[in-house]
Amino acid sequence: MFGLDAISTHNGWHMAALGISIVFTGLVLLSIAVAQIHKILQIYDKRDTYIKRIKNIFRKKNNLESNSSDLSLSEKVNGAVSQCRILIDKMGEPFSLPRLINLSEKYGMSHPYSTINDLINAGFIVPDGKGYFLWNQDDKKIIRL
Amino acid sequence: MENLLMEFISNTGFAMADYRHIIMITIGIIFIYLGIAKHYEPLLLIPIGFGILIGNVPVFKGLGLGLYESNSVLHYLYFGVTSGIYPSLIFLGIGAHTDFSTLLARPVLMLLGAAAQTGIFITFLGALALGFAPKEAASIGIIGGADGPTAIFLSGKLAPHLIGPIAVAAYSYMALVPVIQPPIMKLLTTRKERLITMEEPRIVSKKEKLIFPVIGFLLCCFIAPAALPLLGMLFFGNLLRECVVAERLAQAARTSIIDTVTILLGLTVGASTQADVFLTPQSVGIFILGAASFVVATASGLLFAKFMNLFLRKKINPLLGAAGVSAVPDSARVVQMVGQAEDPTNFLLMHAMAPNISGVIGSAIGAGILWSFLGG
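Same order as they appear, the protein sequences are chains A and B.
Numbering (this note's numbering) for the first sequence: 1 to 145.
Numbering (this note's numbering) for the second sequence: 1001 to 1376.
Hint data in this document are derived by calculation from the structure and do not stem from the laboratory.
Be aware that a few hints might be false.
[Stated by the list, open to error] Pulled from the structure, derived: some chain B residues nowhere near chain A, Cβ distances all over 10 Å:
hint, residue
1, GLY1080
2, THR1098
3, ILE1223
[Unchecked claim] Chain A side only, calculated, beta carbon under 7 Å to chain B, not exhaustive:
hint, residue
4, PHE2
5, ALA6
6, ILE7
7, GLY12
8, MET15
9, GLY19
10, GLY26
11, LEU27
12, LEU30
13, SER31
14, ALA33
15, HIS38
16, LEU41
17, ILE43
Glycine included, C-beta positions come from ideal geometry on N, C-alpha and C.
Based on the sequences and whatever the hints tell you, model everything.
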């Protein structure tokens, strides 16, 4: 068999078209891969700089988050300070923590347990070492902090 | 005693030779002449030429002398050709010898190597149209890859009976690259195009050169696994070269191994061209198709370079397309020669090496594809 018939019979057109397409695909992919090697190596060589940059970005983000949480905490604590001070003045020092909580509930303080806990953490209310608590005299300094 | 003498005389080459042996011995002598006097691929044409002489000394069958007799020394040596061992080892040497910097500096030029492989598949169609069986057609088509080891490798797998004519055609045309390519290059390009200068390639780092053989091997062989014996050795050889720590192995691959294998390959391929096997109408068809294949491959590369210029901001010299045929480094030298004929200050050699080397990879992929299509 000869001519175009022979090509068609032996599936020549398909083999040729597919063959050249695969060769092209292979070399195109290789050229794309090769073109990226030096870019990837550049990134690898400057990896310390990039890691620092990424760390800085995360550090800034974390600072912002902690600042905002500190801010919200201090706002909450500041609000509770005046309320608690009135109650403690009324009870007298040293005072028991359960009584302060009871009074706080009675006078309508929102979330008295967590608020008083915040005041303890912020150093407004300090233990006297005998099972009772005192109002910290340096409260103004602490508020500024 | 007289009988013994007569019997001896009847067994000599003089008594058994016919005109076909004379023709083949003449061809062998021409090859040796071209290699020595004209310096056309001497490392290949001299062994092949002498191999033709060896293969065409008439011997009587049964004594275990001829290459096609199963117990002969030549037959054992020829096993390296038919099994694909020699081409693979030559690729190892090529890899250990080749600097891929130019290709890494401008990977877009690899597309020219891909375009030139069109010659393989068009010749494949041409061979089918001329009545060759598909496996024979594929083996003939690969001549267009202009890569001797690849042509021998594929022929050994698909059409071992055609290795002789295919190898001789491939190496003959590779030796004639400086004669075949320039007229096509001038015909398909304008003077203005030939004067285009290429910008200096960027400097390629050692790390890039080290990573390339691994990435290149994995990518190419995952796409065309049948190219594994050739491309595996090519990229392995290149890794030996670039890693520096295995310099002894790289040195062996690019000197003693490739030299030994070239001698054995050339000699046995030459010896396979015995007159009764070689001088057939098929061989004439193979030579005609081989020439057409070279022409189509060169033209495809050139035309694709012109096509790429339609889209590229910084134009490339379309002569580089001719280097897409993988006759390393001859076709790149021809590009340099034709380019400098127009402008002596235009240096295209290093740029031409990129499509030239990608042509080697492309033709090996092409061979792998044809083998996977037809090898079953």
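So which of the earlier hints does this model not fit?
3 and 17
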